[in-house]
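Chemist: Could you build all of it, start to finish, from the sequences and the hints given here?
Each chain, written out:
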Amino acid sequence: MNFIQKIDLGIKKLQNIILVASCSFVTIGIGTGAILRYLFKKDLYGAEELITIAAFWMYFIGAVYATHSRKHITAEIFSSFCRNLKIVYSVKIFSLSVTFLLALLYSWWGWEFFHWSLVKGGKSVALLIPLVYGHSAIFIGFVLMTVYFFFQLIEEISGLRIHLKSIEGAEI
Amino acid sequence: MITIVSLIILVITLVIGIPVPFAFLTAVTYLIFTGDYDPSFLLPYGFSKMNTIVILAIPLFIIAGGLINRSKVGDKLVSLVELFVGRIKGGLGAVAIVSCAVFGSITGSACATLSAIGSIMFPRLEKAGYPTGHSAAIMANASVLGMLIPPSSIMILYAWVGQTSVLACFLSSFVPGIILTILMCIVNMVLLRNNKDLVLEPKMQKKEFQTQLLTRTGKGIPALTMPLLVLGGIYGGFVTPTEAAAISVIYTLPIGFLIYRGLTWKGVAETLKESAITTGAIMIMLYTIMLLSRLYIMEDLPGLIMNFLTSISDNKYILMILINIFMVIIGMLMDDVSAVLLSTPILLPVVVQLGITPIHFAAIVGVNLGMGNVTPPTAPLLYLSGQLNGAKTHETLTPTLYILAFAWLPTLVFTTYLPVLSQWLPSVILGLNF
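Line by line, the protein sequences are chains A and B. The first sequence lines up with residues 1 to 172 when you count with the numbering used here. The second sequence lines up with residues 173 to 606 when you count with the numbering used here.
Please keep in mind that the hints were generated in silico from the structure rather than gathered at the bench. Heads up, some of the hints might be wrong.
Pairs of lysine-lysine residues, derived as DSBU-like cross-links and limited to a Cα-Cα distance of at most 35 angstroms, are as follows [said to hold, decoys possible]:
1. Lys244(B) - Lys12(A)
2. Lys378(B) - Lys120(A)
3. Lys221(B) - Lys41(A)
4. Lys445(B) - Lys41(A)
5. Lys368(B) - Lys564(B)
6. Lys564(B) - Lys13(A)
7. Lys244(B) - Lys71(A)
8. Lys123(A) - Lys564(B)
9. Lys244(B) - Lys368(B)
10. Lys86(A) - Lys12(A)
11. Lys488(B) - Lys299(B)
12. Lys6(A) - Lys445(B)
13. Lys13(A) - Lys221(B)
14. Lys261(B) - Lys391(B)
15. Lys488(B) - Lys244(B)
16. Lys445(B) - Lys120(A)
17. Lys71(A) - Lys445(B)
18. Lys120(A) - Lys12(A)
19. Lys123(A) - Lys445(B)
20. Lys13(A) - Lys123(A)
21. Lys12(A) - Lys368(B)
22. Lys438(B) - Lys71(A)
23. Lys438(B) - Lys6(A)
24. Lys221(B) - Lys42(A)
25. Lys165(A) - Lys41(A)
26. Lys391(B) - Lys12(A)
27. Lys445(B) - Lys13(A)
28. Lys244(B) - Lys13(A)
29. Lys445(B) - Lys42(A)
30. Lys221(B) - Lys375(B)
31. Lys12(A) - Lys299(B)
32. Lys41(A) - Lys86(A)
33. Lys42(A) - Lys438(B)
34. Lys564(B) - Lys71(A)
35. Lys261(B) - Lys71(A)
36. Lys244(B) - Lys375(B)
37. Lys445(B) - Lys221(B)
38. Lys375(B) - Lys86(A)
39. Lys379(B) - Lys445(B)
Modeler: Structure (C-alpha cells):
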C-alpha cells in the first residue's frame with residue numbers, strides 16, 4: 001500500500017467516524033430533547049446549536065462519501081440512447097471536467113467563506129459557539145469532493161484510452 | 173434571456189450526467205457571472221437556509237426507515253395483509269400493493285420498499301401463477317405509494333421549500349394515496365380476471381382465520397405502531413415532525429433488536445453510515461437548489477413562466493394540464509427528491525397565482541412525480557423491479573400502461589380538479605380554512 005492509498009484509507013475511516021457520530025448525535029440530541037420537554041418539562045438549553053453543527057458535518061461529509069462511492073443522484077439519460085462508446089466516454093469526461101471545475105470554484109468560494117468566518121464570523125446566541133465550526137464543513141466538503149472528482153476524471157480518461165486502444169487493436 | 177439560457181444549461185447538464193447538485197450549480201454559476209451578482213452571498217445564504225432543525229426530519233426518517241428495513245419486518249406485514257385479500261382472484265397482487273403502501277409509509281423509500289417487499293412477494297406471486305411482467309409492473313407502481321401516504325419525506329421537502337405546513341402537506345396526499353391504492357388493486361384484478369393459471373390460497377375455516385388474525389396482527393403491530401406513533405405524536409401536538417422522526421428512530425431499536433431480532437449493532441452502524449450518505453446526497457441538492465431558486469426569484473422566473481403560460485391560454489384548467497404534463501416529464505427525467513426540489517420553487521408561485529393553494533399543490537406534486545417515476549422510457553423503479561424478478565422490460569410495459577391509464581391518470585385528474593380530496597383532511601384535522 002503506497003503513501004497516497006494510506007492517506008485515502010485514513011480519510012475514509014475518519015469520514016466513517018464523522019458520519020456515524022454525527023448521525024447518532026443528531027438522533028440522540030433531538031430524541032432526548034423531545035423526551036425531556038414532554039415528559040419532564042425540562043429544556044436542553046442551546047442543544048439545537050450543537051445539533052445543527054453536527055448536521056452540517058453529516059450533510060457535507062455524507063456528500064463527500066456519496067462522491068467517492070459515486071452515489072450522487074444523476075438524471076443521466078444520454079448513455080441509454082447513445083450506443084457509440086467513444087462518444088459516451090467523451091461526454092462522461094466532459095461532464096466530469098465540468099463537475100470538477102465547479103467543485104474547484106466552490107472550494108475557492110468555500111475558502112473565502114471559511115476565512116471570513118474565521119476572522120469576522122460571529123458566535124451562536126445561546127452557547128456562544130463560533131459559527132466557523134459549522135461553516136468549515138462546507139469548505140472541507142467542497143475540497144474533498146474536488147479531490148474525488150479529479151481522481152474520477154483521471155479514471156475516465158484512462159478508460160477512454162483503453163477503449164481507443166482496443167478499437168485500434170481490432171482494426172489491425 | 174439569461175434565465176432561459178440558464179434553464180437550457182440546466183437541462184443539458186442533467187441529461188449528460190452531471191450530478192444533480194452540480195447541474196444546479198452550473199446554472200447558478202452561469203447566472204452569477206452573466207447576471208453580475210456578487211458570489212460572496214451564495215454560500216452564507218445556503219448556510220442560513222439550511223441552519224434549521226426542521227429539515228433534520230428527513231435524515232431521521234431515512235435512518236428510521238433503514239433500521240426498520242434491516243429488522244426484516246416485511247414478511248410480517250405481508251402475511252397480515254394476505255390474510256384479508258389473499259383468497260380473492262388477483263388478491264395476492266392486492267396484497268403486494270397494500271403491503272408496499274404500508275411499508276412505504278414506514279420506510280419512506282420506494283427503492284427500499286421494492287427491495288424488501290419484492291424479495292418476499294416475487295417468489296409468492298410466481299408460485300401463484302402471476303405473469304412475471306405483471307408482478308414487476310404492480311410492484312414498481314406500488315413502491316411509489318409511500319410518497320403519498322404519510323409520513324412522507326417528499327412532503328417534508330415540499331413543505332420546507334414551499335414554506336408551508338408539513339402536517340397539512342402530509343394530510344393532503346393521504347386521500348389521493350388511498351384512491352391510488354384502491355385503483356391499482358382494481359386494475360390488477362381486472363387484468364387478471366381471465367387468467368386461468370392463477371393458484372388461489374385455500375379457504376380458511378372461521379376459527380383458523382381468527383387464530384391466524386390474532387397471531388399475525390400480534391407480529392405486525394410493533395411495526396404498524398411506528399407510523400401511528402409518528403402521526404399521533406405530530407397531530408396530537410405532542411411533538412414536532414423532527415422530534416417524531418427522532419423518536420421513531422429510537423423506537424425502532426428495541427423492536428428491531430428484541431421483537432423482530434433482525435438488528436445487530438454492526439447493522440445499526442452500517443445503517444447510520446448509509447443513511448448519512450443518502451442524506452448527504454439529498455442535502456447537497458437541497459443546498460444548491462436553495463441558491464438556484466434564490467437567483468431564479470431574483471430573475472423573476474415564476475413571472476416569466478406565468479407570462480408564457482397565459483400566452484397559451486387564460487383558462488385555469490388548461491394551464492393546470494400544462495403544469496401537470498411538465499411535472500410528469502420532470503418526474504420521468506429525475507428522481508423524486510430532485511424533481512420536488514426543482515419544481516416546487518419554480519411552480520408554486522405560479523400555481524398560487526392561478527388560485528391553487530400550496531396544500532392542494534402538495535398533493536398534485538406528489539401524484540405527478542410518483543407517476544413520472546414509473547412512466548417509461550426513464551422509469552428506474554420499473555427496471556429495478558424487472559431485475560428483481562427476472563421480467564423483461566417489454567413484458568412489464570403493457571401492465572404498466574394499464575396502471576398508468578386507469579390508476580395514476582384518474583388519480584391525477586381527481587387530485588388536480590377536486591381540491592376537496594387534498595384539502596378535506598387538513599381542514600378537518602388541522603382546522604385550516606381554504
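Chemist: Between Lys261(B) and Lys391(B), is the straight-line Cα distance small enough, at 35 angstroms or below?
Modeler: Holds. Lys261(B) to Lys391(B) sits at ~26 angstroms (cutoff 35 angstroms).
Chemist: Taking 35 angstroms as the top limit, are the C-alpha atoms of Lys391(B) and Lys12(A) close enough?
Modeler: The given pair, whose Cα atoms are some 40 angstroms apart, is violated under the 35 angstroms limit.
Chemist: Under the criterion that the straight-line Cα-Cα distance not exceed 35 angstroms, is the pair Lys86(A), Lys12(A) satisfied?
Modeler: The given pair, whose Cα atoms are some 33 angstroms apart, holds under the 35 angstroms limit.
Chemist: Under the criterion that the straight-line Cα-Cα distance not exceed 35 angstroms, is the pair Lys445(B), Lys13(A) satisfied?
Modeler: It holds: about 11 angstroms lies between the C-alpha atoms, which stays within 35 angstroms.
Chemist: Taking 35 angstroms as the top limit, are the C-alpha atoms of Lys13(A) and Lys221(B) close enough?
Modeler: Distance of about 30 angstroms is within 35 angstroms: holds.
Chemist: Check the hint pairing Lys438(B) with Lys6(A) against an upper bound of 35 angstroms on the C-alpha distance.
Modeler: 24 angstroms, holds
Chemist: Are the Cα atoms of Lys488(B) and Lys244(B) separated by 35 angstroms or less?
Modeler: It is violated: about 47 angstroms lies between the C-alpha atoms, which goes past 35 angstroms.
Chemist: Check the hint pairing Lys368(B) with Lys564(B) against an upper bound of 35 angstroms on the C-alpha distance.
Modeler: The given pair, whose Cα atoms are some 22 angstroms apart, holds under the 35 angstroms limit.
Chemist: With a cut-off of 35 angstroms on the C-alpha distance, tell me whether Lys244(B) and Lys375(B) pass.
Modeler: 28 angstroms, holds
Chemist: Hinted pair, alpha-carbon criterion (35 angstroms max): Lys165(A), Lys41(A). Please report holds or violated.
Modeler: Answer violated: Lys165(A) to Lys41(A) is near 71 angstroms, above 35 angstroms.
Chemist: Starting from Lys120(A), check that the Cα of Lys12(A) is at most 35 angstroms away, please.
Modeler: 32 angstroms, holds
Chemist: Please verify whether Lys379(B) and Lys445(B) have alpha carbons no more than 35 angstroms apart.
Modeler: Roughly 47 angstroms between the alpha carbons, so the hint for Lys379(B) and Lys445(B) is violated.
When the structure is compared with the earlier hints, violations turn up for hints 2, 6, 8, 11, 15, 21, 25, 26, 30, 31, 32, 35, 38 and 39 and for no others.
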